[in-house]
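Chain A is fixed; fit chain B onto it per the hints.
Sequence lines, in order, name chains A and B. Using my numbering, read the first sequence as starting at 1 and increasing by one per residue. Using my numbering, read the second sequence as starting at 204 and increasing by one per residue.
Hints were generated in silico from the structure; no laboratory data involved. Please note that a few of the clues may not be correct.
[Claimed, not checked] Restraint-style ranges between C-beta atoms, simulated for each label pair:
1. A:K150 - B:R356: 30 to 36 Å
2. B:L279 - A:P41: 42 to 48 Å
3. B:R356 - A:D32: 33 to 39 Å
4. B:I265 - A:R153: 42 to 48 Å
5. A:V124 - B:V327: 40 to 46 Å
6. A:P117 - B:K205: 46 to 52 Å
7. B:D262 - A:R81: 34 to 40 Å
8. B:M322 - A:D59: 22 to 28 Å
[Unchecked claim] Below, computed lysine-lysine pairings styled on DSS-like, alpha-carbon distance capped at 27 Å:
9. A:K175 - A:K135
10. A:K202 - A:K175
11. A:K39 - B:K338
12. B:K242 - A:K150
13. B:K405 - B:K238
14. B:K323 - A:K135
15. B:K338 - A:K135
16. A:K135 - A:K189
17. A:K120 - B:K338
18. B:K353 - A:K39
19. A:K135 - B:K242
20. A:K120 - A:K150
21. A:K22 - A:K35
22. B:K338 - B:K392
23. B:K378 - B:K323
Beta carbons: idealized from backbone N, C-alpha and C, even for Gly.
There are 2 protein chains.
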Amino acid sequence: MKLYDGGRAPNPRRVKIFLAEKGLSVPLEQVDLGKLAHKQPEYTAVNPLQRVPALELDDGTILTESIAICRYFEALHPEPRLFGQGARDEAMVEMWQRRIEFHLLVPISQVFRHAHPAMKEMEVPQVPAWAESNKPRVTEFLEILDRELKQRRFVAGDRYTVADITGLVCIDFMKPARLAVPDTLSNVKRWHAEVSARPSAKA
Amino acid sequence: MKLYDGGRAPNPRRVKIFLAEKGLSVPLEQVDLGKLAHKQPEYTAVNPLQRVPALELDDGTILTESIAICRYFEALHPEPRLFGQGARDEAMVEMWQRRIEFHLLVPISQVFRHAHPAMKEMEVPQVPAWAESNKPRVTEFLEILDRELKQRRFVAGDRYTVADITGLVCIDFMKPARLAVPDTLSNVKRWHAEVSARPSAKA
Chain A
1 MKLYDGGRAP NPRRVKIFLA EKGLSVPLEQ VDLGKLAHKQ PEYTAVNPLQ RVPALELDDG
61 TILTESIAIC RYFEALHPEP RLFGQGARDE AMVEMWQRRI EFHLLVPISQ VFRHAHPAMK
121 EMEVPQVPAW AESNKPRVTE FLEILDRELK QRRFVAGDRY TVADITGLVC IDFMKPARLA
181 VPDTLSNVKR WHAEVSARPS AKA
Chain B
204 MKLYDGGRAP NPRRVKIFLA EKGLSVPLEQ VDLGKLAHKQ PEYTAVNPLQ RVPALELDDG
264 TILTESIAIC RYFEALHPEP RLFGQGARDE AMVEMWQRRI EFHLLVPISQ VFRHAHPAMK
324 EMEVPQVPAW AESNKPRVTE FLEILDRELK QRRFVAGDRY TVADITGLVC IDFMKPARLA
384 VPDTLSNVKR WHAEVSARPS AKA
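One chain only, chain A, in its complex shape (with noise of 0.2 Å):
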């Protein structure tokens, strides 16, 4: 089994730390994202939709998707239980995981994408005014979540679970967006210091 690897770029990040919180450790195989590594032919071959992280098992089988390759690790190894236990706990962690993936991930990755010049290459055409109007709705999401944090201690209940690990992703990922959160948020600022002093992540 290796798990194909991207540095730093948020999804295989979410992986490593999803990992991590399990005890967890897969052999790594670097794809240079800096070189567009994922655009070219070899890779392509592992994963037509060109994207990091991707996980080979020993058969050969591929599995892609950050939450598909977390799920089957949860599947594997139950414990610590990352998506929630029974149908309304499971459901609810969901709910959040995947609230902070369309309303938090997906538009900082768009300000990202079409706003940073490091980008220039890889998203073609960077549309400058999708990236403009992608900023306010990140803070919109962060006062939604800054209100449901003021009432329990992690994102999808008063235990750690894989919306957390999104959610770290995401703030993390405000820095190269060139984005900040408001200092008047300041339960995600509690809550993104307690996640990011867990050893996991370092990953």
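Same frame as chain A, but now just chain B:
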């Protein structure tokens, strides 16, 4: 229990098809998207993200995000399995469900939201250049999907799953987005005809 519905909008439709495949029936409450009812205070109290669908449980808990709602019903009523069964199969279903969502549903939605005159009040500001740059992405993904569907009956394997539901809703959503499946993609067309013929597709 009741489901806040939004007529023919793609996301509530996913949940309704899922329920039909399970043989389940849930009372619906319509949210009139045309009148922007989802942006009014009453519905914002249900879902601060102002999106449909939302499932209200008997204890008042609100569950949002179509796939979170579907997973909740899968946990309560496991058969027929629409998220796969076993670590590897569940991961493959999740991978395809997410590939279809991010690489087909998202670009089609962006074309619809940023190019359709009816969306002027909902998508502020519309960014026509962003709509344009999503059009080739739709075709590129459909070409990848066509190669996959040459090898098997359904999106994620030889059994119908939630990935087929998301796929069906995508193809049908192409019409209001003023997009069409190229005639050369015969495997996509064969698969779409088959999933459209299931009684659940009427939902």
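Structure-based check of all given hints:
1. The hinted range of 30 to 36 Å is not satisfied by K150 of chain A and R356 of chain B, whose Cβ atoms lie roughly 49 Å apart.
2. At roughly 45 Å, the beta-carbon separation of L279 of chain B and P41 of chain A lies within the given 42 to 48 Å, and the hint holds.
3. Against the hinted window of 33 to 39 Å, the Cβ-Cβ separation of R356 of chain B and D32 of chain A comes to about 38 Å, which satisfies the hint.
4. At roughly 20 Å, the beta-carbon separation of I265 of chain B and R153 of chain A lies outside the given 42 to 48 Å, and the hint is violated.
5. With their beta carbons about 26 Å apart, V124 of chain A and V327 of chain B fall outside the hinted range of 40 to 46 Å.
6. At roughly 49 Å, the beta-carbon separation of P117 of chain A and K205 of chain B lies within the given 46 to 52 Å, and the hint holds.
7. Checked against the hint of 34 to 40 Å, the C-beta distance between D262 of chain B and R81 of chain A comes to roughly 22 Å, which is inconsistent with it.
8. Distance hint check for M322 of chain B and D59 of chain A: the Cβ-Cβ separation is about 46 Å, which falls outside the suggested range of 22 to 28 Å.
9. Restraint check for K175 of chain A and K135 of chain A: satisfied, since their Cα atoms lie roughly 13 Å apart, inside the 27 Å limit.
10. Restraint check for K202 of chain A and K175 of chain A: satisfied, since their Cα atoms lie roughly 16 Å apart, inside the 27 Å limit.
11. Restraint check: the Cα-Cα separation between K39 of chain A and K338 of chain B comes to about 20 Å, which is no more than 27 Å; the hinted pair holds.
12. Proposed proximity of K242 of chain B and K150 of chain A is supported: the alpha carbons are some 24 Å apart, at most 27 Å.
13. With a C-alpha separation of about 24 Å, the suggested pair K405 of chain B and K238 of chain B falls inside the 27 Å cut-off, and the hint holds.
14. Restraint check for K323 of chain B and K135 of chain A: the C-alpha separation of about 19 Å stays at or below 27 Å, so the hint holds.
15. This hinted pair checks out: K338 of chain B and K135 of chain A have alpha carbons roughly 23 Å apart, not beyond 27 Å.
16. Proposed proximity of K135 of chain A and K189 of chain A is supported: the alpha carbons are some 19 Å apart, at most 27 Å.
17. With a C-alpha separation of about 19 Å, the suggested pairing of K120 of chain A with K338 of chain B holds against the 27 Å cut-off.
18. Pair hint K353 of chain B plus K39 of chain A holds up; C-alpha atoms about 24 Å apart against a cutoff of 27 Å.
19. Restraint check: the Cα-Cα separation between K135 of chain A and K242 of chain B comes to about 20 Å, which is no more than 27 Å; the hinted pair holds.
20. With a C-alpha separation of about 39 Å, the suggested pair K120 of chain A and K150 of chain A falls outside the 27 Å cut-off, and the hint is violated.
21. In summary, the hint linking K22 of chain A to K35 of chain A is not supported, as the alpha carbons are separated by about 31 Å, beyond the 27 Å threshold.
22. Straight-line distance between C-alpha atoms of K338 of chain B and K392 of chain B comes to about 19 Å, which keeps the hinted pair within the 27 Å bound.
23. A hinted pair counts as satisfied when its Cα atoms are at most 27 Å apart, and K378 of chain B with K323 of chain B qualifies at roughly 18 Å.
Comparing the model with each earlier hint shows violations of hints 1, 4, 5, 7, 8, 20, 21; every other hint is respected.
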